Each structure stands twice: as C-alpha cells, then as structure tokens.
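Turn these sequences into a full structure, and let the hints steer you where they fit.
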Amino acid sequence: MGKQLSFMLPEIDREATQANVEKEIAKYRLYCFSVPEERLPKVTSTFSLVPPSNTNAFHSSTEDIAIERIDEQRKKEAYIEYFRKAVNRLPRKERQAFVLKYLGDEELFDYEVYNELGMSESYYHKKFKPRIFYNMAFALRVEVYLKKE
Numbered sequence: 118m119g120k121q122l123s124f125m126l127p128e129i130d131r132e133a134t135q136a137n138v139e140k141e142i143a144k145y146r147l148y149c150f151s152v153p154e155e156r157l158p159k160v161t162s163t164f165s166l167v168p169p170s171n172t173n174a175f176h177s178s179t180e181d182i183a184i185e186r187i188d189e190q191r192k193k194e195a196y197i198e199y200f201r202k203a204v205n206r207l208p209r210k211e212r213q214a215f216v217l218k219y220l221g222d223e224e225l226f227d228y229e230v231y232n233e234l235g236m237s238e239s240y241y242h243k244k245f246k247p248r249i250f251y252n253m254a255f256a257l258r259v260e261v262y263l264k265k266e
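If you count the sequence shown from 1, you need to add 117 to reach the numbering used here.
Just so you know, these hints were derived from the structure itself, not from any lab. Quick caveat, the model's predicted, so the values are computed rather than measured. Nothing false has been slipped in among the hints.
Straight line, CA to CA, 30 Å or less: simulated BS3-like cross-link-like pairs of lysine-lysine:
#1 Lys244 <-> Lys264
#2 Lys218 <-> Lys243
#3 Lys246 <-> Lys193
#4 Lys210 <-> Lys243
#5 Lys265 <-> Lys244
#6 Lys140 <-> Lys202
Take a look at the structure:
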C-alpha cells in the first residue's frame, strides 16, 4: 500500500512579500531611467519584454577598458534582464496586468487595469493581483516566510 506524500509548505508573509516586490519594481523603474534607451527591453504587443539584440562585441582595448570602468552600469543592465525574465515567466494574463499596472510609461490605477482585462473588481483584488505578487516574488526570489514560534 503506497503512502501519500504530504508537503508542509511554509506560510508566506503577505505584506512583507508584497513590500519586497514593490521595492524590486521601484528598483527596476529607477534602473531603466539610468540605462540608455537603446539598451532597454521594449514592451511588445503581446505584453512581454524583449531584450535588445546588441552583440556587445568590441574591437579595441580602449573600448574594453571603458567597459570595465562601468561595472555599475553592467550590474543595472543585468538586473533589468533578470527582472525581464521574471516578468516573462508570468502567465499571459498576469503578465499583461503587471505590464499595464507597473511597467508602462505611467502606472495605471487598478480600476483601469481590471477594466482593460475585462474582469470584476472583486476578482482582481482578491485573487488575481495577490497571485501576481506571489508569482513575481517567487520569480525574483524575494518572498518572505512567516517564522514559526
């Protein structure tokens, strides 16, 4: 007779996790302001972030030295790419909502997002938006677990 596996998943601290995701969104938006526009991912009509297709091939030692001196810029670009990959891991509808709400030229109000997606206010606030935050928290690895006492 087989045993049923039982998993005890740790409980998530919802407020701390949401705060962490909001910090990551703010960091992403700030980094996007400091990176040249041609190096930023573009939002496509399918609501995915597409990275630019730069080869980063350099042909002289002078260029190589110049690049080495801007490690901070590379770190920002790496973070933008990391964030882009996390967003693209969201299911299509969640990704669409996330891009509309947080990654457009202007942040939209919640009512604008759920109206655009054709869903009810209660569903958006009770089920959909929290799931987006949880999925982004896991994708970005910033989730916070409640401590057992």
